[in-house]
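Asker: Chain by chain, the residues run as shown.
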Amino acid sequence: MQFADAVTAWSWNPLADIRQMWAFPFMVNAFRAGTIVAVLAGVIGWYMVLRRQSFAGHTLSTVAFPGAAGATLIGVGAVYGYFAFCVGAALVVAAVPRIGHEAGGEETAVTGTVQAFLLACGFLFVALYKGFLGGVNSLLFGSFLGITTTQVDVLAAVAVPVLLIVAAIGRPLLFASLDPAVAAARGVPVRPLSVVFLVLLGAATAATSQITGSLLVFALMVMPAATAQNLTARPALSIALSVTLAVLVTWTSLTIAYYSPYPIGFWVTTCAFACYLASWAVRLARGSLGRARWYGAGARVPLEVS
Amino acid sequence: MTGVGLALPGALGHPFFLHAVLAGAAIAAASGMIGYFLVLRAQVFTGDALGHAAFTGALAALADGVDLRLGLFAATVVIALLLGALGRSGRADDIAIGSVFAWITGLGAFFLTMYATSGGADNAGAGVRVLFGSIFGLSAKQAVTAAVVAAAVCGAVLAVFRPLLFASVDPAVAAARGVPVRVLGFVFLALVGVTAGEATQAVGSLLLLGLLAAPAGTAQRLTDNPARAFVLSAVLAVADMWGGLAASYALPSMPPSFAVVALATALYAAAFAVGPYRRRTAASRAG
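Residue numbers (the numbering used here), protein chains in the order written: chain A, 102 to 407; chain B, 19 to 305.
Calculated directly from the structure, the hints in this document are not laboratory data.
Just so you know, even glycine gets a beta-carbon here, dropped at the ideal spot from N, CA and C.
Errors might be hidden in some of the hints.
Pairs of lysine to any residue, SDA-like flavour, derived with a Cα cap of 20 Å [said to hold, decoys possible]:
#1 A/Lys231 to B/Tyr267
#2 B/Lys159 to B/Arg87
#3 A/Lys231 to A/Ala179
#4 A/Lys231 to B/Ser271
#5 A/Lys231 to B/Ala268
#6 A/Lys231 to B/Gly143
#7 A/Lys231 to B/Ser152
#8 A/Lys231 to B/Met272
#9 B/Lys159 to B/Phe34
#10 B/Lys159 to B/Val39
A few chain A residues that don't get close to chain B, going by computed Cβ distances all over 10 Å [stated by the list, open to error]:
#11 Ser112
#12 Val129
#13 Glu207
#14 Gly213
#15 Leu229
#16 Leu246
#17 Thr251
#18 Ala285
#19 Tyr360
#20 Ala382
#21 Arg387
What follows is a set of in silico ranges between Cβ atoms, one per label pair, in the way DEER data are often shown [said to hold, decoys possible]:
#22 A/Leu338 to B/Thr241: 51 to 61 Å
#23 A/Thr345 to B/Gly196: 51 to 61 Å
#24 A/Ala124 to B/Ser136: 25 to 35 Å
#25 A/Ala337 to B/Ala177: 54 to 64 Å
#26 B/Asn243 to A/Ala196: 26 to 36 Å
#27 B/Gly173 to A/Gly178: 46 to 56 Å
#28 A/Ala386 to B/Val201: 32 to 42 Å
#29 B/Ser136 to A/Val283: 56 to 66 Å
#30 A/Val129 to B/Thr135: 53 to 63 Å
#31 B/Leu269 to A/Arg287: 53 to 63 Å
Next comes chain B alone, as it looks inside the complex:
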């Protein structure tokens, strides 16, 4: 990959930038697709909760001396499935959930200190890297792994697209027509967990909410057609990612994760300004 990079002109000639562009595109596409369903199902705060879990999982892994990504994915997928199991039996309470996640975040701070005091100055920055991402720090191998995992998430979402859409818009009718609504819900949450782990590597666990929610919200503002909104959400997420990376390359004092989230937020705000929003009566009034 490095050899290809050297042959390319401009910013792409730098291997670190090329890795960021490749991994970033795959991660953003997965986030855009998953985000579309998160917004459709009004489950954006699952993403918020998983961000906290990702932080604690990653730092627990670091403190234990294993690969950061192991803890990251284990924590996000397990917590996602746990939320799914709790969420269905009675409406989960925001105070109970908030308290649990505040404690999980506190535990993350504990692991952070444990890791930081066990090593040098580089370890002390680990918390910031997990919280706010370090996409320019991805090695070739990490970038390929991230891209492959993200591509697998995209493939899985596309495979269950039709039944998942049906189950999200009208769970009761979908269940009556033989769609396995409950199983789909768990599959979806597991995919959200994997995506949260992926997005943590790109924009960080605190900011992944922006990458999940903003492109999807923009797309749903601009079109009512589910397939079109789904594609648009993925395209917008990739555009946000690439635009943010380019902006951060042009202005090195601007961190890439800020640039990505700021661009996504700006596009969402623009969609509010221009898009004549036709509210889907069924989905938005379901709550």
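Bound conformation, chain A alone:
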């Protein structure tokens, strides 16, 4: 965070700036890790928004904090804590399917209590592991400093199988997400698909938490996907757009964060949120021009114009 003092300022010569930034191995690792995470978040986030499971994603990202803090406490790398807790929590959510949905008063009370308890556990781990106070902020709001080559390798080792699985089940998953009843009638295994997807979601949330921090996972997983779905209703184009936006947001944020004292989580949310707002402006402009066909799948795009 304090690197702005140590390095020369932004010089408006992009080539020189990038060369200077990449002279530091930790920045190269940050870009590698950020790109892997952005691709993963762009793809999985797109399905998550389509399936309206952003709430499950929110719960899983809450779990990431005690996971990382607990792993640090017992002396294992935080990266393993992220994956163990998030994938474990995804299996729990899958086993109790109603957790994933917002419903009556009692269910929201249960979910709220569970979330608060998990965060409290994270805080307990942090308190037990003394002298970790600065670390809390980077666990919650993200950090790009000190990403090791091992960490990049672990992220890649998780991302590749996850993306391969998505490629394999992409079409039936799309079908099952858009119309579960018809998909089930046509012989698509809707329930197993939703379990597999939740596990993939857990892995993607764990990976994203490491860049954006566990409180700001929405920034990379939801906003680029929601932006893409606002702009086009064609699935393949929309996924590609979501990934592109996530990667661009990550690269821009890493660059700004390198030259500024503020945490990367703030820049990622701000860039992604700006894209999201812009997509709304585009959508409203198209709507006023009467080109409703652009979002023909109106029931499935994130928000309905009211």
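Model the placement of chain B on the given structure of chain A, informed by the hints.
Answerer: Then chain B, alone, in the frame of chain A:
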């Protein structure tokens, strides 16, 4: 207050603990009462959203050099009323709301860095104190202010208890009978905002959801009678608070906010185990 404290035996002899017990009780009672209606109205996630707003408001105030509580209450009450205004016109979308609150939290991280880099090591801990509370750090004056504000919230909830209950259980019939449902909704949200600001001082903006949701959920599991559940929710919240404070005093390595939330969660889990839950057909099926 300090003089009284010195005359008391044991843990209460420490002024910081006495302040925590007094302010904590008032804050917990207000949270229990407000939480009851939050659960009844299925608006628990308003509490979640207000937690994020509280964090950003408090740190913006700190970064600006004003009293933390000013930003805290301004942010929670304004955002609560804003949510009320948005929520009624069409069902607000979880993606839009989630995106806005992720950005607000990101803004909080921005103010945190701004504040932390402007001062010493003490400033760097401000984020943790706001997020996870620092009830043992309350001064006598802060404790009295917190207790008075919390007592005022309790009084206001009691004053509107009957019409608010009617409007929460069956808004359509209540409106037909002349209850000002919409105005009550805004009054309630403003009270939620104030309570969120209060609870942030006790258990922190990330954990206030536990203090709002768990006692209320426990109470509604144990009884169907609204008045009884309302009272039980407030009593449970105070018991959670005092139990948590005592546990944290006995085991200093355990932070008080963890102890409070853990106790509330444990009681809720126990209520699931023992309480024969008789589901209120009207309220729970409304969604």
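Asker: Each of the hints needs a verdict: does it hold here or not?
Answerer: Right, here's what the structure says about each hint:
At roughly 18 Å between alpha-carbon atoms, A/Lys231 and B/Tyr267 fall within 20 Å of each other, so this suggested pair holds. For a cut-off of 20 Å, the pair hint linking B/Lys159 to B/Arg87 stands: about 13 Å separates their Cα positions. At roughly 16 Å between alpha-carbon atoms, A/Lys231 and A/Ala179 fall within 20 Å of each other, so this suggested pair holds. The suggested pairing of A/Lys231 with B/Ser271 holds, with an alpha-carbon distance near 10 Å, which does not exceed 20 Å.
Taking the CA atoms of A/Lys231 and B/Ala268, the gap is about 19 Å. The hint holds against a cut of 20 Å. In summary, the hint linking A/Lys231 to B/Gly143 is supported, as the alpha carbons are separated by about 13 Å, within the 20 Å threshold. Taken as a hint, the A/Lys231 and B/Ser152 pair is honoured in the structure, with Cα atoms around 16 Å apart against an allowance of 20 Å. Of the pairs offered as hints, the one joining A/Lys231 and B/Met272 holds, with about 12 Å between alpha carbons and a cut-off of 20 Å not exceeded.
The straight-line distance between the Cα atoms of B/Lys159 and B/Phe34 is roughly 11 Å, inside the 20 Å bound, and the hint therefore holds. The hinted pair formed by B/Lys159 and B/Val39 meets the criterion: a straight-line CA distance of about 14 Å does not exceed 20 Å. Its beta-carbon lying about 23 Å from the closest one in chain B, A/Ser112 satisfies the requirement of being farther than 10 Å from that chain. Its beta-carbon lying about 24 Å from the closest one in chain B, A/Val129 satisfies the requirement of being farther than 10 Å from that chain.
With a closest Cβ-Cβ approach of about 6 Å to chain B, A/Glu207 is found to fall inside the 10 Å limit, against its non-interface label. At roughly 4 Å, the least C-beta separation between A/Gly213 and chain B is not larger than 10 Å, which violates its mark as non-interface. Separation of A/Leu229 from chain B is inadequate, the least Cβ-Cβ distance of about 6 Å not exceeding the 10 Å criterion. With a least CB separation of 13 Å from chain B, A/Leu246 remains clear of the 10 Å interface cut-off, as annotated.
Once the 10 Å rule is applied to beta carbons, A/Thr251 is consistent with being away from chain B; the minimum gap is 26 Å. Separation of A/Ala285 from chain B is adequate, the least Cβ-Cβ distance of about 24 Å exceeding the 10 Å criterion. Remark: the non-interface label on A/Tyr360 is consistent with the geometry, its nearest Cβ contact in chain B lying 14 Å away (cut-off 10 Å). With a least CB separation of 14 Å from chain B, A/Ala382 remains clear of the 10 Å interface cut-off, as annotated.
Distance check for A/Arg387 against chain B: the nearest CB is about 18 Å away, which clears 10 Å, and the non-interface claim stands. Our hint of 51 to 61 Å for A/Leu338 and B/Thr241 holds, since their Cβ atoms are close to 54 Å apart. The given range of 51 to 61 Å is respected by A/Thr345 and B/Gly196, whose C-beta atoms sit roughly 56 Å from each other. As the Cβ distance of A/Ala124 to B/Ser136 is approximately 30 Å, the hint placing it in 25 to 35 Å holds.
Taking the beta carbon of each, A/Ala337 and B/Ala177 are about 58 Å apart, inside 54 to 64 Å as hinted. Under the hint 26 to 36 Å, the C-beta atoms of B/Asn243 and A/Ala196, about 34 Å apart, fit the expected range. In this structure the supplied range 46 to 56 Å holds for B/Gly173 paired with A/Gly178, their Cβ-Cβ distance being about 52 Å. Checked against the given bound of 32 to 42 Å, the beta carbons of A/Ala386 and B/Val201, roughly 36 Å apart, stay inside it.
Between B/Ser136 and A/Val283 the beta carbon distance is about 58 Å. The supplied range of 56 to 66 Å therefore holds. Taking the beta carbon of each, A/Val129 and B/Thr135 are about 26 Å apart, not inside 53 to 63 Å as hinted. Hint check: B/Leu269 to A/Arg287, Cβ distance near 58 Å, so the stated range 53 to 63 Å holds.
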